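Undergrad: Taking the hints into account, I'd like the entire structure generated from these sequences.
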Amino acid sequence: MVALRVALKRYGFPYALLLPALLGVGILTLYPLLNTFWLSFHRYNLLRLGQAPVFTGLENYRRIFSDEFFWFVLRNTGLFAGGCVLATMALGVGVGCLLNVPFRGRTILGVAVLLPWVIPKVAAGIVWKWIYDDQYGILNFILTKLGFDFQGFSWFSSAPIAFLAVGVVVVGQSFPFIALSILAGLQAISPEIMEAAAGDGAGPWQRFTLVTLPMLKGLLLILTILSTVWDFKVFDQIFIMTEGGPAQSTYVMGIYAWMTAFGEMQMGRAAAIAMVMFAILAVITLIYLRIARSGEGLE
Amino acid sequence: MMRRFLGKAGIYSAAAAVLVFSVFPFVWMALTSFKPNEEIFTAVPRLLPTRWTLAQYRYVIDRGGFGRYFLNSAVIALFTTLCGIFVASLAAYALARFRFPGRTVFLLLILVVQMFPLVVLIIPLFIIMRRLGLLDSYLGLVIAYTTFTLPFGVWMLKGYFESIPSSLEEAAMIDGCSRMAAFARVIVPVSAPGIAASSIYAFIGAWNEFMFAMTFINKESMRTLPLGLQAFFGQFTVEWGPVMAASVIFTLPVLVFFLLVQKRLTTGLVKGAVKG
Numbered sequence: 000m001v002a003l004r005v006a007l008k009r010y011g012f013p014y015a016l017l018l019p020a021l022l023g024v025g026i027l028t029l030y031p032l033l034n035t036f037w038l039s040f041h042r043y044n045l046l047r048l049g050q051a052p053v054f055t056g057l058e059n060y061r062r063i064f065s066d067e068f069f070w071f072v073l074r075n076t077g078l079f080a081g082g083c084v085l086a087t088m089a090l091g092v093g094v095g096c097l098l099n100v101p102f103r104g105r106t107i108l109g110v111a112v113l114l115p116w117v118i119p120k121v122a123a124g125i126v127w128k129w130i131y132d133d134q135y136g137i138l139n140f141i142l143t144k145l146g147f148d149f150q151g152f153s154w155f156s157s158a159p160i161a162f163l164a165v166g167v168v169v170v171g172q173s174f175p176f177i178a179l180s181i182l183a184g185l186q187a188i189s190p191e192i193m194e195a196a197a198g199d200g201a202g203p204w205q206r207f208t209l210v211t212l213p214m215l216k217g218l219l220l221i222l223t224i225l226s227t228v229w230d231f232k233v234f235d236q237i238f239i240m241t242e243g244g245p246a247q248s249t250y251v252m253g254i255y256a257w258m259t260a261f262g263e264m265q266m267g268r269a270a271a272i273a274m275v276m277f278a279i280l281a282v283i284t285l286i287y288l289r290i291a292r293s294g295e296g297l298e
Numbered sequence: 000m001m002r003r004f005l006g007k008a009g010i011y012s013a014a015a016a017v018l019v020f021s022v023f024p025f026v027w028m029a030l031t032s033f034k035p036n037e038e039i040f041t042a043v044p045r046l047l048p049t050r051w052t053l054a055q056y057r058y059v060i061d062r063g064g065f066g067r068y069f070l071n072s073a074v075i076a077l078f079t080t081l082c083g084i085f086v087a088s089l090a091a092y093a094l095a096r097f098r099f100p101g102r103t104v105f106l107l108l109i110l111v112v113q114m115f116p117l118v119v120l121i122i123p124l125f126i127i128m129r130r131l132g133l134l135d136s137y138l139g140l141v142i143a144y145t146t147f148t149l150p151f152g153v154w155m156l157k158g159y160f161e162s163i164p165s166s167l168e169e170a171a172m173i174d175g176c177s178r179m180a181a182f183a184r185v186i187v188p189v190s191a192p193g194i195a196a197s198s199i200y201a202f203i204g205a206w207n208e209f210m211f212a213m214t215f216i217n218k219e220s221m222r223t224l225p226l227g228l229q230a231f232f233g234q235f236t237v238e239w240g241p242v243m244a245a246s247v248i249f250t251l252p253v254l255v256f257f258l259l260v261q262k263r264l265t266t267g268l269v270k271g272a273v274k275g
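Sequence lines, in order, name chains H and A.
Mapping the first sequence onto numbering that gives the first Met the number 0, position 212 (from 1) lands on 211, and the numbers just tick up by one.
Mapping the second sequence onto numbering that gives the first Met the number 0, position 87 (from 1) lands on 86, and the numbers just tick up by one.
Calculated from the structure, these hints are not laboratory results.
Keep in mind that the hints are not guaranteed to be accurate.
[To be verified] Label pairs and their in silico Cβ distance ranges:
#, chain 1, residue 1, chain 2, residue 2, range
1, H, Thr208, A, Ser162, 33 to 39 Å
2, H, Gly200, A, Ile10, 19 to 25 Å
3, A, Leu107, H, Phe207, 33 to 39 Å
4, A, Leu107, H, Asp148, 51 to 57 Å
5, A, Ala230, H, Ala196, 55 to 61 Å
6, H, Leu29, A, Ser166, 55 to 61 Å
7, A, Arg178, H, Ile26, 23 to 29 Å
8, A, Trp51, H, Phe147, 38 to 44 Å
9, A, Phe4, H, Leu29, 45 to 51 Å
10, A, Val43, H, Phe64, 18 to 24 Å
11, A, Trp51, H, Ile290, 50 to 56 Å
12, H, Leu209, A, Leu258, 28 to 34 Å
13, H, Arg62, A, Val43, 49 to 55 Å
This one's a predicted model, so the numbers in the text were calculated from it and none came from an experiment.
We treat Cβ as the ideally placed atom computed from N, Cα and C, and that holds for glycine.
TA: Listed below in structure tokens is the structure:
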């Protein structure tokens, strides 16, 4: 108590500055998180007006864990996020390296590459949906012109193809950030090291695998974790492009939780699904923090 | 010589491929929006409209209600930005200039909160807002959007404030300014570009947001732009012309803002991410 008073007196000014933000984060994120946790042990159907949440213990968790569909969605999410992360990282590293090579038009490419990243996900999803359109879409037209039979091909009538189609959009919007970060990392490597490696007879590929990649290891790890977190949460593009269909086959965790909450109005069960999602992301985040802290320190 | 030429050719073709992948969809969006229907629904699409028309835009604004949706989006994004960045800049200043107990915990909190899936927050927020009558209101969405603009703003602004030497406000304080006055009169003007960049980022985040809006808005007159767009997909056939025109209206402000600040925005973001 005394310690608190001393701390307040000494640090009153910074604490006062911090207070509004702390309240904001507390009320808007920490409280809802705890509330979701609490709700996940209750049955709460919003359609039944005036009915309070009923405590049911672990019933929601038991129910979702014994539901095959939950495991199907979890697998979907894992595979989709995993695939997107791999593609995002590969493309991001590739483009980051490309932007590090001096050539004419490099600055323009740098700005252009970033565009998809700020474009609203909803708009990107919609324009790609138009590109993929089975009848009048430009993609089927071009592919058919190139000699493949894509006339009237529907990109959204089976899950694997639909995931591929959405994945292209997700990757297209997330690789710019990776590319830019990699570029920053590459530019921090001193040219002398590269020259020394070249002097020792290392070719371009060897310089890349033996010098560049090891030096970027920490950065690569952090970017991989960040994009895993982002892709695991994917919602907008899938909702816009497939709405989870056909027949719920492109459901991912975000869609599943949202639909359970606001389609079926089962708030308790939806909360349990959201908590599972949260737990998975929390583990990934912890790994992230550990790496980030051991790397540069949380200054 | 040959090898060198091949290397150059490789670089340029890779650059061209990346360029097409990144930019073409949005060029196609814009081009489609200027085409009359018969050039959109055709078996042999052409790149450029043979007859340029604004009919799709007229339709979307006169009949589709997109003027109203634009206004809703703008008001909500603007207020989200103002509130979020004001609160965030105070906190960011405290974090950048003072060492105090709990500082690391708060930093961790700010960082971790950004990893939360919004789905985890949306259920209680919906229940609370329903109880408070904040569904179908500007205020409801402004509050909801602060969940992500605030932590992000703190993190980004902290970086900017740290890059300003503290001798600046020390000098102001020797001249008789209070700490708060030094912050308001010296630090804020000096870091104006950083504050602008963070504000624009917050604005874009709120402008683009879809899930909260879809959940909290039901009334047609309160729709934001992404909701207006989504409404096109309820019908059996999609009217791609108006959809593309509406997408352009939705995307253009973001694009303009982005081009204004792209340099500062990107360096600030990357620094934040790499630092962890």
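Undergrad: Now look at each hint and say whether the structure bears it out.
TA: Hint-by-hint comparison with the structure:
{"no.": "1", "hint": "H/Thr208 with A/Ser162: 33 to 39 Å", "in the structure": "holds (35 Å)"}
{"no.": "2", "hint": "H/Gly200 with A/Ile10: 19 to 25 Å", "in the structure": "holds (24 Å)"}
{"no.": "3", "hint": "A/Leu107 with H/Phe207: 33 to 39 Å", "in the structure": "holds (35 Å)"}
{"no.": "4", "hint": "A/Leu107 with H/Asp148: 51 to 57 Å", "in the structure": "holds (55 Å)"}
{"no.": "5", "hint": "A/Ala230 with H/Ala196: 55 to 61 Å", "in the structure": "holds (57 Å)"}
{"no.": "6", "hint": "H/Leu29 with A/Ser166: 55 to 61 Å", "in the structure": "violated (37 Å)"}
{"no.": "7", "hint": "A/Arg178 with H/Ile26: 23 to 29 Å", "in the structure": "holds (27 Å)"}
{"no.": "8", "hint": "A/Trp51 with H/Phe147: 38 to 44 Å", "in the structure": "violated (32 Å)"}
{"no.": "9", "hint": "A/Phe4 with H/Leu29: 45 to 51 Å", "in the structure": "violated (60 Å)"}
{"no.": "10", "hint": "A/Val43 with H/Phe64: 18 to 24 Å", "in the structure": "violated (53 Å)"}
{"no.": "11", "hint": "A/Trp51 with H/Ile290: 50 to 56 Å", "in the structure": "holds (53 Å)"}
{"no.": "12", "hint": "H/Leu209 with A/Leu258: 28 to 34 Å", "in the structure": "violated (39 Å)"}
{"no.": "13", "hint": "H/Arg62 with A/Val43: 49 to 55 Å", "in the structure": "holds (53 Å)"}
In summary, the structure is inconsistent with hints 6, 8, 9, 10, 12 from the numbered list given earlier, while agreeing with the others.
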